[in-house]
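Position 293, counted from 1, in the sequence shown is what the working numbering calls 293; the numbers after and before it change by one each time, with no gaps.
Don't read these hints as lab results, they were simulated from the structure.
Just so it is clear, the structure is predicted and the values come from calculations on it, not from any experiment.
Positions of the beta carbon are idealized from the N, C-alpha and C atoms, including for glycine.
Be a bit skeptical, because a hint or two may be false.
[Said to hold, decoys possible] As a list, the in silico SDA-like pairs of lysine to any residue whose alpha-carbon atoms are at most 20 Å apart:
1) 53 x 18
2) 326 x 240
3) 240 x 264
4) 326 x 299
5) 53 x 14
6) 326 x 264
7) 24 x 41
8) 22 x 89
9) 431 x 59
10) 240 x 161
[Unchecked claim] Label pairs and their computed distance ranges (CB to CB):
11) 447 x 286: 50 to 58 Å
12) 393 x 53: 44 to 52 Å
13) 42 x 284: 48 to 56 Å
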Amino acid sequence: MADVALLLDELSDLEIETQPQKVKRRSRDFYWYSPILRPKLDPVTADAVITAKSEADVIRVVERAFARDVPVTVRGAGTGNYGQAMPLRGGLVLDVAALNAIKLIEPGRVRVEAGAKIIDIDQACQRHSGQELRFHPSTRATATIGGYVAGGSSGIGSVTWGLLRDPGNIIAARVVTMEERPRVLELRGNDVQKVNHAYGTNGIITELEMPLAPAYAWREYAIAFDDFMAACRFADQVAKMDGLAKKLVSVIPAPIAGRWLTPDWASERETLVLLMVADMAAETCMDAVAATTGRIVHDRLQAELPEGAIPIYEYTWNHTTLHCLKHSRAITYLQTLFPPPFHLAKVEEMWRHFGEEVHLHLEFVRFGGEVACFGLQVVEYRSAERLQAIMDHHNGHGCPIFNPHDYTLEGGGMKRVDRVQLDFKREADPKGLLNPGKMIGWDDPDYDESADRRFLYDH
Numbered sequence: 001m002a003d004v005a006l007l008l009d010e011l012s013d014l015e016i017e018t019q020p021q022k023v024k025r026r027s028r029d030f031y032w033y034s035p036i037l038r039p040k041l042d043p044v045t046a047d048a049v050i051t052a053k054s055e056a057d058v059i060r061v062v063e064r065a066f067a068r069d070v071p072v073t074v075r076g077a078g079t080g081n082y083g084q085a086m087p088l089r090g091g092l093v094l095d096v097a098a099l100n101a102i103k104l105i106e107p108g109r110v111r112v113e114a115g116a117k118i119i120d121i122d123q124a125c126q127r128h129s130g131q132e133l134r135f136h137p138s139t140r141a142t143a144t145i146g147g148y149v150a151g152g153s154s155g156i157g158s159v160t161w162g163l164l165r166d167p168g169n170i171i172a173a174r175v176v177t178m179e180e181r182p183r184v185l186e187l188r189g190n191d192v193q194k195v196n197h198a199y200g201t202n203g204i205i206t207e208l209e210m211p212l213a214p215a216y217a218w219r220e221y222a223i224a225f226d227d228f229m230a231a232c233r234f235a236d237q238v239a240k241m242d243g244l245a246k247k248l249v250s251v252i253p254a255p256i257a258g259r260w261l262t263p264d265w266a267s268e269r270e271t272l273v274l275l276m277v278a279d280m281a282a283e284t285c286m287d288a289v290a291a292t293t294g295r296i297v298h299d300r301l302q303a304e305l306p307e308g309a310i311p312i313y314e315y316t317w318n319h320t321t322l323h324c325l326k327h328s329r330a331i332t333y334l335q336t337l338f339p340p341p342f343h344l345a346k347v348e349e350m351w352r353h354f355g356e357e358v359h360l361h362l363e364f365v366r367f368g369g370e371v372a373c374f375g376l377q378v379v380e381y382r383s384a385e386r387l388q389a390i391m392d393h394h395n396g397h398g399c400p401i402f403n404p405h406d407y408t409l410e411g412g413g414m415k416r417v418d419r420v421q422l423d424f425k426r427e428a429d430p431k432g433l434l435n436p437g438k439m440i441g442w443d444d445p446d447y448d449e450s451a452d453r454r455f456l457y458d459h
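Take the sequences, apply the hints, and build the full model.
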């Protein structure tokens, strides 16, 4: 703490927070979704929070922190789910939410500072030229673009555009290094993968250049089905309609759809398929519904929602779990890939095996050029041992788990040590001061990588 105190004296003209409760609040995210992470991360707090209001502030902070050997963990809005931006080894939280300028909007691209809120970027691009980001998390209203790139991987829009990791989904990143004399690097093309989904462990993103898509008039649909697999087959059919402009295809199973999410739309016996489809394609969507046993229970242009109404995407992805947790703290969740081309067969296999112990909430995406689905299953939590057994069963039956109960890059993303990211950390953070404890490959060079697992970033 002595080095932190000296550091704060050297940076006393910046906005600094040291009040313990306020610091602790700004040192956490939504890790409490996990009963496994809760006891591990509850005590975690920084020594102080510094708010950077410019890239020059960022450079000053990292230069002095490097000299004092003080860890620095970068924070946007703190909307992550497994401790991505939590300072395991104390030190500073560097809040970059005030770096929120939108610097450039052109056909097909936008250049922004890392702290810009995703909803603000979308609205600015829509006003400017009828464009929007290709995809966003369910936390669109609060999440920053830098936090999304550093800690996220997919979201609303992934059914058309795939994952953030896919080539072309990030154009460029401007990054400040943690060195004696910090450098400002412009990473473009494949080089952006050095910092994409790296939790800020190997560089501080200060600007991003992202591709844009047409901002259609999005129409929301909820379609209720009595049969879970009928709902899944319909969702898969819609996801595979290459000519249909769509942004969201989700399956919310019975009984949680009617019990905890949208009782006005479904009974506890019904499964919901939630869609965002361009209004111009409404007839195509209606024709697809008419060929099924489903019934439309919600149909509205998103732009016409009453003030304060919840947009349909806030019932999907990680918001599904959040709604369930509001009603029961006896649940948790998983993150699973049901790989193509037999994803529906795997979904049915797990559905029949686990029943209502594991509620199969599904998000359809493009994965490696094919349609697949991620499971963000809502799990009736019994014990850590039972949760591990459920994960082991999925992994052992060809449905890889990306463990949301692990705060490390390798454990959580279930990927090998990313040699590109590790090498970049050696170059850009030689003392290992950026978000320490999150990259196993740095902390444990002998980390055992199982060769028989499927990895999120191996397509």
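Hint check:
Taken as a hint, the residue 53 and residue 18 pair is honoured in the structure, with Cα atoms around 18 Å apart against an allowance of 20 Å. Taking the CA atoms of residue 326 and residue 240, the gap is near 33 Å; set against the 20 Å cutoff, the hint is violated. Taking the CA atoms of residue 240 and residue 264, the gap is about 29 Å. The hint is violated against a cut of 20 Å. Restraint check: the Cα-Cα separation between residue 326 and residue 299 comes to about 26 Å, which exceeds 20 Å; the hinted pair is violated.
In summary, the hint linking residue 53 to residue 14 is supported, as the alpha carbons are separated by about 9 Å, within the 20 Å threshold. A threshold of 20 Å between alpha carbons decides the hint, and for residue 326 with residue 264 the separation of about 17 Å falls inside it, so the pair holds. Simply put, residue 24 and residue 41 have alpha-carbon atoms about 11 Å apart, close enough for the 20 Å limit, and the pair holds. Note on residue 22 and residue 89: the hinted pairing holds, with a Cα-Cα distance of about 18 Å set against a maximum of 20 Å.
Distance check on the hinted pair: residue 431 and residue 59 sit about 16 Å apart at the alpha-carbon level, within 20 Å; holds. Taking the CA atoms of residue 240 and residue 161, the gap is about 13 Å. The hint holds against a cut of 20 Å. Here the CB-CB span from residue 447 to residue 286 is close to 52 Å, well matched to the stated 50 to 58 Å. Between residue 393 and residue 53 the beta carbons are some 49 Å apart, a value that agrees with the proposed interval 44 to 52 Å.
Separated by about 49 Å at the C-beta atoms, residue 42 and residue 284 satisfy the suggested range of 48 to 56 Å.
Of the numbered hints stated above, those contradicted by the structure are hints 2, 3, 4, listed in ascending order.
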